[in-house]
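Engineer: Residue numbers (the working numbering), protein chains in the order written: chain A, 1 to 988; chain B, 1 to 384.
These are calculated hints, taken from the structure and not from any lab test.
Small disclaimer: the values here were computed from a predicted structure and weren't measured.
A couple of the hints might just be wrong.
Claimed, not checked - Just a few of them, taken from the derived set where beta-carbon distance is under 10 Å, the chain B residues facing chain A: (1) Cys72; (2) Gly100; (3) Gly248; (4) Val295.
Every residue, glycine too, gets a C-beta built ideally from N, C-alpha and C.
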Amino acid sequence: MKKSRTNPGGANFVPEVKNNLGSPAENENQLLGLLEHDIMKQGTSRRDFLKVFGYSFASAALLASCKRPVQKALPYIIQPPEITPGKSLYYASSFYDGHEYSSILVKTRDGRPIKIEGNLLSEFNREGTTARVQASVLSLYDDARLKNPSAENKQTTWDNIDAQIINKLKEINSKNGEIVLLTSSILSPSTIRLINEFGADFHKFKWVQYDAISYSAILEANSICFGKEAIPDYHFRNADLVVSVYADFIGTWISPAHFIQDYVSRRKLDKGEKTMLRHIHYESGMSLTGANADIRKKIKPSEEKNLLIDLYNRIAEKTGAITFPSANFREDLTGLADKLIEAKGKSIVISGTNNLDIQIIVNGINSLLGNYTNCIDLNNNIKVASGIDSKMEDLISELKEGSVKALIMYNVNPVYDYHDSENFRKGIKNTEISINMTVSLNETVGLVKYECPVNHYLESWDDAEIISGQLSLSQPCINPIFNTRSFQDSLLKWSGSSTNYHDYLTSNWEKQYFPGSGISDFRNFWNTSLGNGVFNYKVPGFKSLTHKPERLSQAMKTLEKSETGGYEIVISESVALGTGMHANNPWLMELPDPVSRQCWENVAAISISDATIWGVQNGDIVKFSNGLKLPVFVQSGQMEGTISVALGYGHTNSGPVCFRIGENLYPFVKSSAGNRNYVITIEKPINTFEKRQLALTQVHSSMEGRPIVRETSLNKYIIDPSSGNEFHKEFESTHKTLYPEVKYDGFHWGLAIDLNACIGCNSCVIACQAENNIPVVGKAEVIKRRIMHWIKIDRYYSDTPDDPKVYFQPLACQHCDNAPCENVCPVSATNHSSEGLNQMTYNRCVGTKYCINNCPYKVRRFNWYRYTNSKNFDFNTASDLGKMVLNPDVTVRERGVVEKCSFCVQRIQEKKLQAKLENRTLNDNEIKTACMQACPAGAIVFGNLNDKKSMVSKLFSDPRCYHLLEELHTLPNTGYLTKVRNDDKIDS
Amino acid sequence: MRNFFSVRKLKFILPFIFLSGLFTSGYSNLVQVEDSVLNLKKKLTPEDLIIGERLFFGLVYHDNKSIKCITCHNITLSDTLNWNPDAIEISRKYLNKSTGDLSKVLLRPAGKKMVEVHKDFKLSPEEIVMIKGYMDRLAIQGLIRNKPVITNLIFFIIASALMLFSIIDLIITKVLKHKWINYIILLSSVCFITYTLVGSAIAIGRSQNYSPDQPIKFSHAVHAGQNQTDCIYCHSFAPYSKSAGIPGENVCMNCHLLVRNGTRSGAFEIYKIISAYENKKPIEWVKVHNLPDHVFFSHAQHVGAGGLKCQECHGNVKEMNVIIQVKDLSMGWCLDCHRTRKVNFTGNKFYSDYKELAEKIKNGTLDSVTVEMIGGRECMKCHY
């Protein structure tokens, strides 16, 4: 091709974002060094090899006379009618870990949960789930779970511990001592009722809710402005323009699975839509939301208030409201204000900063724009977080004084994730009794008198009301694996009640929700709700909330001075680990950050120009003035003068996987003006001249001018839907082949990925890992580029390295009809099926890796080691407990074989068989690959290309559809749809 | 789950097997009774135990008549015809019971059949003690069976030795004047070794004619043959699940709640299932038909959708007292069938998606569609 390969969509692809990774040669040398070192370590000499070879040669004659291993088959004593050996059973349930909520279906096989899917019946998250929800099934089989109750660090029985606790509580109560219950935010109406009943028995009882990541400022701001302490539901589907400042609502903020649904529904163009939501994002570090924004602008945290006040004033000027005195923001915001006014009532302005003043100003802006009720719904508020920072601060001071006599904790880990953990730790010692109830080992465990381990959520009964009127139920899908008891059962026991929580729950539902359900029989109502997993009811009496602007002037007054010379560290959740609660989950530990593509530790992301000033490169360890030492990661798009670091790492007592991996940033969080502030101001850090290899899963960020991700803008798309995709026609017209074209009779499977819908959240990666028994390989192997994920989300940058455009592209095996891998396999272990699948046969593979070398997409993975039952890979597949999560329909691969995406052939076969048994044709959308099912954005569509009415066929014939590296004529069965950016000039 | 032949283990096990195989072949099975056992029954000398054994085997005569326990109660585990409880089972049952209990059953049995057989038994209490002693030893130690002779290995070693001799002779010693003798030895040894190796390598993991002992003498011939119980009554998941399923004990109890005496085995075998059910203990059946872990096989596909009869793969189970693996379950065997078997192409609506094949059937260019034609011989139909 002589034609220059600039993107027809208009973006200029820079050759490479340099400085990002050190020089390629250097990386290569490091890699070689590592590999050599690895071989040296192995210790398998030629002599050893000959020994083994000799033995195995002689053994062949012997083997025939050896006795075969005897396999036992144990039937049930009484066969449960619902369980069919070899068939999956799904239970509707709810996931809630105190931070994130999803209504889910749990796939169980022979009595053990093995996979989580979204619940289509739920209005909140539908079939979408996030990576953390997908991975939660593995935490059920975590060896670091607490297995028995213990008193003063000695194992004991429940009867024993109950007697002691009941006595103590009675004693404290008789002396009018204060009893405090400290929990994570509670969604469950039945549990709230139970807690209130429990507390009523005592003279002095206080219930404090505490969130690891605080949304206190939003709650308080809404309380001040509207008289309702709540987090509103943001209806992105009703919005035309979203301006978000530091709010990573796609990755971590409030409820990503819920927001992604709404957000993407206004970004998709697959049904001929001509409009798109426009998204403008202000932030310092490169978050997942920022990477997806149409227009992303870099600011410093100290500039945020200035920006918002200025924006408020600009809008107020135009709408005739009162303006406030302010310094102007460094950019002219008139254009933005105009756009917002244009989208009046159809826009959302949000801020992710936990600062009361800022949230009051944001509320002010939204109410000027009339966004409430249509786009921001305070009546149907999201209840995911309800912790108020000042209440926790009060509790700490009470603990310090010693006025709290009994402290009962449930699902919290303040020793790890509260900034003032030192005082909390001391405070526990001041109490007469302290009780901790948690699922698995964490930093708070061992500091209290009584450990009462609770069930995993897949072992418990519960309910949840995420939005007023949207109820869901949790039900146990497996008997408690260990000697644990649910939190609610413990409370019931300690309050002297003889009922269990299941009965309590059903009787509460019978009283509360059954009368309004319109169903005559309660058992019927209960079973229907339990089967659906969700139950919606009408909440009576909405008050129209009016905005009270009284506090605005005060909020505008205290202007922060932007500091000069110093650096600002922005601390945020990471997409993989969230608050760090699930850090001992190896799937999440190895899940790369969607933007930096780095895993297994947290790093200090700095801008390219700062890296030049400091003279550091990726992996150089720097020391900050507050004592924090972190390796540097040079992040394109990072605001100069800011540093971004993820939370959730640096555990000291949460299990072996996360033990001392990365640094814990929670202790550096400061409390300012009554709220926890996730920004630290520091001096320029010192280079320690130590270096560490970072576990990067993608080292190349540029498309090298090739049209890998094709892009256009909305205006161009409306004129010509195939804009940006001109190459497709050209390649199609020039394709010639010597081989006869293969026709597929029956089925021809295809997968379409809408790059406009894909937001790069990594949910599909974990879903695939869970479905296909993909091993975790550990940091050292990831550094050697040996990560095993069958689907990865490639991230590319274009434009300037300082302020790049970001592209996400999910990449799994393309299932080429002219597959280059198939031609080179000497043993025909990889070949093509009559349904268009590129088949991989593990038991035939001899591990030449020719296919890996010949695959232009680099999607094949090699099992360098045996990752099962290995001490060197001490993750979930090393223990019997962890292995319970394995999918019995997928082979666990041996050392020395190649593996890759199979289009979830086990699911194809299962559904085909079902159709055969039911004597019917296969329906479109019936077969869902794991990635497709998990995708909260609905970006992935799988189906039969031979069926012209199928969704995937429609997408394949869309003018936006193209194939990756289609110039190679590999004829992939995976199609991509052009990305459309709504970034036409803001003031045009 | 089981790394039965991991390379690392073989490294240690194989030399041991070699040595033990070579040096212990002539070693007689002289059983040393454990001291602890004898301590418990101090009255019994080793001679008493031998007398007990002889009594059991009917080698001691009373009035020119011998009582042979062995006639009905086999001590070998495998047995297809003898429905009476075997010696080991009885021994285990009576291990923790007193000699009085045993003598009560021996001399004054309750069962109809037993009364008939045991009626002429005249055994002194001492003799019963001795029999009990022998049986206790049996229960604790189990059977000591002779190791199978490894003929293959012996020939293999001889062939290797001959080969080594010929090579040395050809190059160094040159004892044999006619070189062609050496060549013949070499050629035939190499042929034999290769044949043995290839043959045994192919046989690894296959187990045609595998017929293990089961914890209960369950006869398919009685249940499926004589009583004509449908296969699906017990293996009820076969038409719609991957696994055919082994019936839960509650399924057995559907009939055995009433049927407590078998025509052949009496109450002893049936009692096992009743007691397991009542004590809530699962029965540890030995799995006969095993496929490797990398094979996905679905009964639903074959029985439910394909309409195959159980007998086509499992043989004539109706005539089997002890179940035996009839087919070798090799991949070649699977593929042979997939090559020729016809699918219900016109009868099942699922296949209407195969438009070209349907067209051909309509035209008459094809009269039937085999499994192979719809991709039944492709790797990812069974391996994923």
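Engineer: Decide, hint by hint, whether the structure agrees.
Structural biologist: Each hint tested on the structure:
Because the smallest distance between the Cβ of Cys72(B) and any Cβ of chain A comes to about 27 Å, over 10 Å, the interface hint for this residue is violated. A distance limit of 10 Å between C-beta atoms decides the matter here; for Gly100(B) the minimum to chain A is near 33 Å, and the interface restraint is violated. For Gly248(B), the interface hint holds, the least distance from its beta-carbon to any beta-carbon of chain A being 3 Å, beneath 10 Å. Because the beta carbon of Val295(B) sits about 9 Å from the nearest beta carbon in chain A, less than 10 Å, this interface hint is met.
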